[in-house]
Amino acid sequence: NSWFQHSPLLDLLKKIAEKGGRVVLTTDHGMIRVQKPVRIIGDRAVNTNLRYKGGKNLNFDEDHVLVCRKPERFFLPKLNVSTAYVFTVEDYFFAYPNNYNYYVGYYRDTFQHGGVSLEEMIIPIVTLKAK
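Here the numbering used here is used: position 79 in the sequence shown is 79, and no number is missing along the way.
Calculated directly from the structure, the hints in this document are not laboratory data.
If you're wondering where the values come from, they're calculated on a predicted model, not measured in any experiment.
The C-beta atom is built at its ideal place from N, Cα and C for all residues, glycine as well.
Heads up, a few of these hints could be off.
Have a look at the derived ranges for each label pair, beta carbon to beta carbon [to be verified]:
| no. | residue 1 | residue 2 | range |
| --- | --- | --- | --- |
| 1 | GLU90 | VAL23 | 26 to 34 Å |
| 2 | TYR102 | LYS19 | 20 to 28 Å |
| 3 | TYR102 | THR127 | 27 to 35 Å |
| 4 | THR127 | ASP61 | 19 to 27 Å |
| 5 | ASP63 | ASN101 | 47 to 55 Å |
| 6 | TYR106 | GLU62 | 31 to 39 Å |
| 7 | LEU128 | ASN101 | 16 to 24 Å |
| 8 | LEU9 | PHE75 | 31 to 39 Å |
| 9 | ARG69 | THR48 | 15 to 23 Å |
Full structure from sequences and hints, please.
This is the structure we're talking about:
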């Protein structure tokens, strides 16, 4: 059993197939199952995403992140002089030191997006047509 078998989407696809139609399915990004935490410290203005952070005065271990200290080179907004962005790689995710073990346990093995893994950056697309 899956959500798809009981969803209105399946009914819609069946109706389109009955009429001989074609459907193109895609999304704006992929996702990845995260497993390994990276500690990060930031001020209250930092976003809540688990795969990337943007702001000033970010403190993190650079081993498992892509660091962008010049946002304009990547067409990202530069909110102030010290704005930086960090993106997790592979299956890492950010966790704050406050309640670290709780959040690591809560978010480990969940699907997330916003990092720079291949799974997130390749856009899935499929074309369906009736037999």
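**Request:** May I ask you to test the hint 31 to 39 Å on the CB atoms belonging to LEU9 and PHE75?
**Result:** Roughly 34 Å apart at Cβ, these two residues keep to the hinted range, so it holds.
**Prompt:** Has the hinted range 16 to 24 Å been met by the Cβ atoms of LEU128 and ASN101?
**Reply:** Violated - the Cβ-Cβ distance for LEU128 and ASN101, about 44 Å, lies outside 16 to 24 Å.
**Request:** With 47 to 55 Å as the target window, see if ASP63 and ASN101 comply at their CB atoms.
**Result:** violated (20 Å)
**Prompt:** Honestly, do TYR102 and THR127 meet the 27 to 35 Å range at C-beta?
**Reply:** Because 43 Å falls outside the window, the suggested range is violated.
**Asked** If you check the beta carbons of TYR106 and GLU62, does the distance land in 31 to 39 Å?
**Response** violated (25 Å)
**Prompt:** Should the hint that ARG69 and THR48 are 15 to 23 Å apart at their CB atoms be regarded as holding?
**Reply:** Given a distance of about 22 Å, which is inside 15 to 23 Å, the answer is holds.
**Asked** Taking 20 to 28 Å as the hint, is the beta-carbon distance of TYR102 and LYS19 inside that range?
**Response** Since TYR102 and LYS19 have Cβ atoms about 51 Å apart, the given range 20 to 28 Å is violated.
**Asked** How does the Cβ-Cβ distance of GLU90 and VAL23 compare with 26 to 34 Å: does it lie in that range?
**Response** Holds, at about 33 Å.
**Asked** Honestly, do THR127 and ASP61 meet the 19 to 27 Å range at C-beta?
**Response** Given about 43 Å between the Cβ atoms, the range is violated.
Of the hints listed earlier, those the structure fails to meet are numbers 2, 3, 4, 5, 6 and 7, in rising order.
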